[in-house]
Amino acid sequence: MKEYLIISTSVELVRIAADDVLCILADGNYSTISAVNGETRVVTLQLGQVERLIANQLTSGNTDFIRIGKSLIINRQYINYINIQKQQLALSDGKSASIMLTASKEALKQLKDLVVG
Amino acid sequence: MTNGQEINEDEIRIIGGGGKKKRSRRLWWLWLLLALAMVAVGVLVVVLQPKNQTEPLDETPVTEQQTVDAEPAITWLDNVDNSQSAEIVVLDTAVDSMQLQVLIPINTTPELYIGKLSDSDSDILLATMAADIRRDNGKIVGAYVYAGEPLSWGLSKRGYCAIFDGRMTIGVADNSPLFEQATEQGGFFFRQYAAVDNGAAVENNPENAAPRRALCVMDGRYCIVACADRVMMNDFSKALARLGVEEAVYLVGGSAHGWWRDGEGRVNHFIEGNDRPYNKKYMNYIVFRAN
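Chains as they are written, first to last, in the numbering used here: chain A, 1 to 117; chain B, 1 to 291.
Rather than coming from a laboratory, the hints here were simulated on the basis of the structure.
For each residue, glycine too, the CB sits at the ideal point set by N, CA and C.
Label-pair ranges, simulated between beta-carbon atoms:
id	chain 1	residue 1	chain 2	residue 2	range
1	B	Gly166	A	Asn80	56 to 62 Å
2	B	Glu272	A	Glu12	33 to 39 Å
3	A	Ser8	B	Gly265	47 to 53 Å
4	A	Arg15	B	Gly154	17 to 23 Å
5	A	Asn62	B	Gly199	43 to 49 Å
6	A	Asn37	B	Gln185	43 to 49 Å
7	B	Leu33	A	Asn56	29 to 35 Å
8	B	Asp229	A	Ile99	32 to 38 Å
9	B	Gln185	A	Leu13	33 to 39 Å
10	A	Met1	B	Asn8	35 to 41 Å
11	A	Leu13	B	Leu91	43 to 49 Å
12	B	Gly199	A	Ser10	21 to 27 Å
13	A	Arg76	B	Leu33	30 to 36 Å
14	A	Asn56	B	Glu203	16 to 22 Å
Build out the structure end to end from the sequences listed, making use of the hints.
See below:
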């Protein structure tokens, strides 16, 4: 059974399967949700508020979502490539969805350690 | 729970799940051990301390340090001479170490403006972005009326500002008849986050720190209070309330375009170096024109 996230504000609602979320990017007072199918949704919530909504809805044991710095939340299932020197992080589902992001070297180092375990 | 807390660019954290819980439990034990150790040290000190040293050596009463409030802002507003020609009076102050700039339009008429605005229009003494614009579709967030024409609908934020015949009303309400009134009477209306309602700070959700601006009523006068430093929204609201602001709504903050003209006609931008408006259709301002 799919686990769904509901990102709701006073005027809009986004319902999306947690597995379908590629990443969420901060954009000032807004956040852009990028889905695996290529769709993007902008919600009038700051990234911290989205983070809190996700945290309140995820079942315990689900550690897929990782906040990286001030402006990014990623779904670790889709981590495809990390280059610490170039500060690059690529997310991909191995098919159509792919996105290249940047993050600080230190954050990427921690992320790499987390993935390697 | 970890989430929604401050985070640095160099940090990562797992959202929800169990990773963080383990860590906090470890910390809980650490704190317990630390507390027990401190209690043990305290008991040892009391037991081993010679009795004569436990008596007070000096009976001089300790004077409690008192915090003295800054002189209320209302006093300076009273001193602003209303008979001057049209200008923007700028006063600098601080509340709880937050540096604030109070800009008081004198002999001016407020109105809204939509579109690209040039700072070369010398009739405009103060202009600053008013309602938020959505990044995805470029449209105005919340109800908005421009010269009687409604351009946007809906309640997204509870603060509002309405202008009719040069008279401004700001307040906090889910539904305001002033929206309809603005459409009927050729007035202006926009919505923004509420900052102060009846002298009390209003709590808001956004948690990021940014330069802030608010349209305020203080001692019956309209003014704009700006903080160029990055501050939390709720801290800014509290500072406004402490300043003596009775009602206030936020204006677009951060690096939003805006300026005021000083007595010698020089243009001063709220954010130094940010002298260009964004290229958006619904870019909108509140402006104060010289009478």
